[in-house]
Amino acid sequence: QQPVQSPQAVILREGEDAVINCSSSKALYSVHWYRQKHGEAPVFLMILLKGGEQKGHDKISASFNEKKQQSSLYLTASQLSYSGTYFCGTEDMAGNMLTFGGGTRLMVKP
Amino acid sequence: KAGVTQTPRYLIKTRGQQVTLSCSPISGHRSVSWYQQTPGQGLQFLFEYFSETQRNKGNFPGRFSGRQFSNSRSEMNVSTLELGDSALYLCASSLLLPGQGVDTQYFGPGTRLTVL
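Residue numbers (our numbering), protein chains in the order written: chain A, 1 to 110; chain B, 1 to 116.
In short, the hints are calculated from the structure, not lab data.
Positions of the beta carbon are idealized from the N, C-alpha and C atoms, including for glycine.
Some clues are possibly wrong.
The calculated EDC-like cross-link candidates involving lysine to aspartate or glutamate, where the alpha carbons are at most 16 Å apart (straight line), are [to be verified]: (1) A:K50 x B:D103; (2) B:K57 x A:D92; (3) A:K68 x A:D92.
One side only, chain A facing chain B, incomplete, derived with CB under 7 Å [stated by the list, open to error]: (4) L45; (5) A94; (6) G95.
Covered stretches of chain A (in silico footprint by chain B; criterion: 3 or more residues with CB under 8 Å from a CB of chain B, positions within the stretch not fixed) [stated by the list, open to error]: (7) 22–34; (8) 98–106.
Take these sequences, add in the hints, and give me the full structure.
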């Protein structure tokens, strides 16, 4: 089953913060976050593993609540370059494949 | 390092035809996954190959198939094309180590398939 992302879309001014959520009905092993700009391929942002290990960027952070099977992506002091569609991909305990959410469209305006 | 390459970038076919798409992974990556992206369904997993073996398959009909060669290059084939197969087909490679789950996916630019 596909994870559910919220919100579906968000508009920000430069410098504002945003939170994107990803919820799954399955027990998760990992959550992956990708950003896709229009006409381009998705680009890796972050992996969060069961057990708390996190990899990613300094200016973009994320959390993984294993009990609730939820992950949140935090974008602070947004920049114009943050615009794009953000996807979470979840790997359940059966493993070895990613199921992507429907995406969150983020637009940052000057 | 060169990124993931996919050929062709654009393709127009008619219903009933078949199509083969190609993907060359990043050098050293042995895992190749294929995804279908459409506005309505989003990003959907098709299948994954590792060391010439299909490790996982998504929920797609048997018309969708793939293979991986000894140099890790991969092809996917769609037979008897339907209008609904129009989509962006993305290939992603990863450096998968034994015992790991899904590693970082490095996506190619995709092949835009239009079925008329």
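Against the structure, the hints:
Restraint check for K50 of chain A and D103 of chain B: the C-alpha separation of about 14 Å stays at or below 16 Å, so the hint holds. Between K57 of chain B and D92 of chain A, the direct Cα distance comes to roughly 14 Å. Compliance with the 16 Å bound is thereby established for this hinted pair. The straight-line distance between the Cα atoms of K68 of chain A and D92 of chain A is roughly 13 Å, inside the 16 Å bound, and the hint therefore holds. This hint is violated: L45 of chain A has a C-beta 10 Å from the nearest C-beta of chain B, more than the 7 Å allowed.
Annotation: A94 of chain A was flagged as interfacial toward chain B, and the flag is violated, the nearest CB pair being 9 Å apart, outside 7 Å. Interface hint status for G95 of chain A: upheld, as the beta-carbon distance to the closest one in chain B is roughly 5 Å, under 7 Å. Coverage of the region 22–34 of chain A by chain B holds. Counting CB-CB distances below 8 Å, 4 residues qualify, and the rule asks for three or more. A stretch counts as covered by a chain when three or more of its residues have a beta carbon under 8 Å from one of that chain; for the region 98–106 of chain A and chain B the count is 6, and the coverage holds.
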